[in-house]
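J.: These protein sequences, in sequence, are chains A and B.
This note's numbering puts the first residue of the first sequence at 1, with every later residue one more than the last.
This note's numbering puts the first residue of the second sequence at 504, with every later residue one more than the last.
No lab work stands behind these hints, which were simulated from the structure alone.
There are no misleading hints in this set.
Covered stretches of chain B (chain A as the covering partner; in silico rule of three or more C-beta atoms under 8 Å from a C-beta of chain A):
no.	region
1	513-520
2	563-570
3	596-609
Computed Cβ-Cβ distance ranges for the label pairs, DEER-style:
no.	chain 1	residue 1	chain 2	residue 2	range
4	A	80	B	552	53 to 59 Å
5	A	136	B	614	47 to 53 Å
6	B	627	A	69	22 to 28 Å
7	A	32	B	634	37 to 43 Å
8	B	545	A	124	27 to 33 Å
9	B	531	A	142	45 to 51 Å
10	A	129	B	629	49 to 55 Å
11	B	610	A	129	40 to 46 Å
12	A	143	B	581	44 to 50 Å
13	B	609	A	139	43 to 49 Å
14	B	629	A	122	42 to 48 Å
15	B	647	A	194	39 to 45 Å
Glycine residues also receive a C-beta, built at the ideal position from the N, C-alpha and C atoms.
Read off the chains here:
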Amino acid sequence: MAMLRNVFGGCVSDRSSESMRHQKIKFGAPLSHNIKNGYLPVPLVEILIYIAHEGMNTADLFRRPGNPSDTRHIVKRMTEGKPVIYQNYNMYTLASVVKKFLLRLPDGIFGQNGEETLLSVLSLGHKMEQYEAVHEYITSLQQAHQQLVSLLFGIWFTMINNCDINFMTTEALSRSVAGSVFHSCAADPGKVEKASRIMQLLIENFGVASMFGQQNIEYFADTTRTGIHIREKFRYEFQYLSEEILPPISEEGFYEMHAQREGVHEPSHTPEHSPEMDPKYLLCPRRDDDEDGDSTCSRLMAASTISAPEVSLAPSPGNIGKRPKSLEDNLNESSSTEPPPKGSLSRFNSVKRKQLERLRQRSDWFLGPANGQKSSNGQKSGHSGTSFPQYTREHERLVAKSSGNSVTKASSEGAALDVMSSDVDSVFSEDSRSESPASEPIRTPPIRVTRDIIHSDTIVDTPMMDMSASRESQDLNMDEDEEMVDSEVCYFVVEHKYGHTES
Amino acid sequence: MVNASKPVSCTLVGDGMVGKTSIALSFIGKQAEENYVATVFENYAGGTSVAGEQYTVSIYDPAGKHDYASMRVCTYTDCEVILMCYNVSDRDSFDSIASFWLPEVRKFRGTKSTVILVATQTDTRNPDSDSSVSTEEGEKLAREINAGGYMETTTQNYDSVKTVFEKVVTCALKCRKKKKTLFKKISRR
Chain A
1 MAMLRNVFGG CVSDRSSESM RHQKIKFGAP LSHNIKNGYL PVPLVEILIY IAHEGMNTAD
61 LFRRPGNPSD TRHIVKRMTE GKPVIYQNYN MYTLASVVKK FLLRLPDGIF GQNGEETLLS
121 VLSLGHKMEQ YEAVHEYITS LQQAHQQLVS LLFGIWFTMI NNCDINFMTT EALSRSVAGS
181 VFHSCAADPG KVEKASRIMQ LLIENFGVAS MFGQQNIEYF ADTTRTGIHI REKFRYEFQY
241 LSEEILPPIS EEGFYEMHAQ REGVHEPSHT PEHSPEMDPK YLLCPRRDDD EDGDSTCSRL
301 MAASTISAPE VSLAPSPGNI GKRPKSLEDN LNESSSTEPP PKGSLSRFNS VKRKQLERLR
361 QRSDWFLGPA NGQKSSNGQK SGHSGTSFPQ YTREHERLVA KSSGNSVTKA SSEGAALDVM
421 SSDVDSVFSE DSRSESPASE PIRTPPIRVT RDIIHSDTIV DTPMMDMSAS RESQDLNMDE
481 DEEMVDSEVC YFVVEHKYGH TES
Chain B
504 MVNASKPVSC TLVGDGMVGK TSIALSFIGK QAEENYVATV FENYAGGTSV AGEQYTVSIY
564 DPAGKHDYAS MRVCTYTDCE VILMCYNVSD RDSFDSIASF WLPEVRKFRG TKSTVILVAT
624 QTDTRNPDSD SSVSTEEGEK LAREINAGGY METTTQNYDS VKTVFEKVVT CALKCRKKKK
684 TLFKKISRR
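Extracted from the complex, chain B is given alone in its bound form:
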């Protein structure tokens, strides 16, 4: 059954240059442009199947620049799942998650938002380097921020990108189910 009528929407956030647009492009089957310039705001849609059902995932890709906070506000309220991205070989972008992105999301979405932590560009990870962020650190952060999941991905490997968006769908469905039961509970009264 095609469930295209109810697309799952998600927003990619994270510092500039971590590869948000690359992930989105890779998911919808396009090559990331060689010298892609900064994104201001983009919107993508791609399909994925979870548990035998086809889902459309619409992806908001707002600017990663901290300057454009006002533009991101509307995407926060519209989406179901937020993907927080950082680059594994750029510790600053990892630090930004806790110190910038999480507060921003919390501010506009409240604490009950569904967040998935995404580590990008894992192919560039260099375990010897201090600036590299390890899987353990990522998982730890994911627990701390109460994320719905921690994913590692690289655009070099399409499967890893696909898994991220499958995770998006499962999280969104879980969230919808919760709301439904809550709604039922209330209506029963």
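Chain A on its own, in the form it takes in the complex:
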């Protein structure tokens, strides 16, 4: 493939690639014109690769405009199909060239309709729905178009994960580029704000396979030879209704009831239930490559909530061979040797302790003599899995199947799902490694963790668990909350590795 050949840039010298490298890029022409051959123009890919390699530690990249006359000069040369020696220019100038390309695209990279579609994503309440909507949009694009989008967002994603070095936080970055990406929003400050919000969503969650698509992430990782390590953490909460409210019903009756109520907001039965956390959702893990996915899904009916996947990322920019070690590399290395950001652990522990304490209290209350009248449902609470054997079995099966590695399951039913979870989520997610049991098989090479990204929003809704196996390794863990009576909380950690990491 032309793209791949280009990846190995400098060392390839056969003629066909030589002529491709002199392809002309039309600034100001519609994108379809530039990708009419079905692939991105090579010089465009090259400049993006160069930025991805060298620019990730440049402070304020994409914010400072660079040298205006150099920018014009590069644009001119690229338009004429002449080679540009990127080393002669500073990063800001090159980033400006990229921005200029985006800016000059009539209607922008997404086009008017695309911009509207993406902006409407913001109105979706749940992160999972947002991911899905974005995914749907992105997959509807031409392949080369998708590739361009993933190169750009991959670069920005890598940047924000090095923001301790380059000072570009997601907010700063998305504001700086929103104008060139969302043309329809550039004139009005309010709209810019909106555009920068969707940009933040897109940039921060670039690593979420269910959003950008595995293929696109892989494309970025392979093309720029960036190692990306993603840990997606899913939190599932299965809530069983409180025994006092539920009339005694049979198992079938229970499922029927849920089927009927699906989508209807029920008043929550737990005192501290967060208002936005509606427990009545169908747990329906979607699995792209799993033929059993559908059947599993249809049978997994239980009130559940799922949190946003927490993504901890470890893009390791520039493990690039054939290249003299640069200052950036050294910087990069020094940063990678630093311990990952901490500070959340103590808070995490204290919150967890508090939560456990509360769960214990509640479990005492539930099991206490006051609750003499036990419904068929309530009777079984406290015995993990017995009340919904079918469901639990499925659940276990699901976990076991998708992991391929070790699974630790020790969920017990517990106190009703509780608001805590919504704010606790961020805490849990901050250091997901602490959640992993020691038995976790460690097959992963040393990771260059530069930063953990935290999704603090809790999502309640429809679940989407993309567990398509990554190319190198995938671990899945289920962690547990102990002594729960009324609901079950499980965590899934899905790891993805893209691109080349040190091996």
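Chain A is fixed; fit chain B onto it per the hints.
T.: Below, chain B without anything else, positioned relative to chain A:
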């Protein structure tokens, strides 16, 4: 006499990261935020006195990104004085004045706009470095672009910021006077 009814309006332009928002914040007496992110559009108002009279200066602070040109258009037509800023230790931002900002302002304001050239972050100036822009170069550029003045400023020194906005007021008043006399001339006929 308080002349608050007729505020003097000015717009800050210049490349990203030169410190436009910092100047504005410093003028109205606020500390610039440590990790301030890119501005999209802000509006500030501060007071200053010139020749014994109190004036309110309203400051438009649009985004410095070249991308947001369409947003800046409205501020150009609304303001009386344009402050063109560059960072003395960033030659690219200095070059941008002549090659980007001046043409943009001229395009929307015509050639008769009142422009003040402002060199920012003078505390970071390093005379030995090539990328540093000297005072002479700044003054030369100011003459070339026919600016109403050349000012050097740093947020480290509040007086230097204040002088900039005093200059804004004097320029605006001069401009108003000119218009008035022109108007009188026409009406006399």
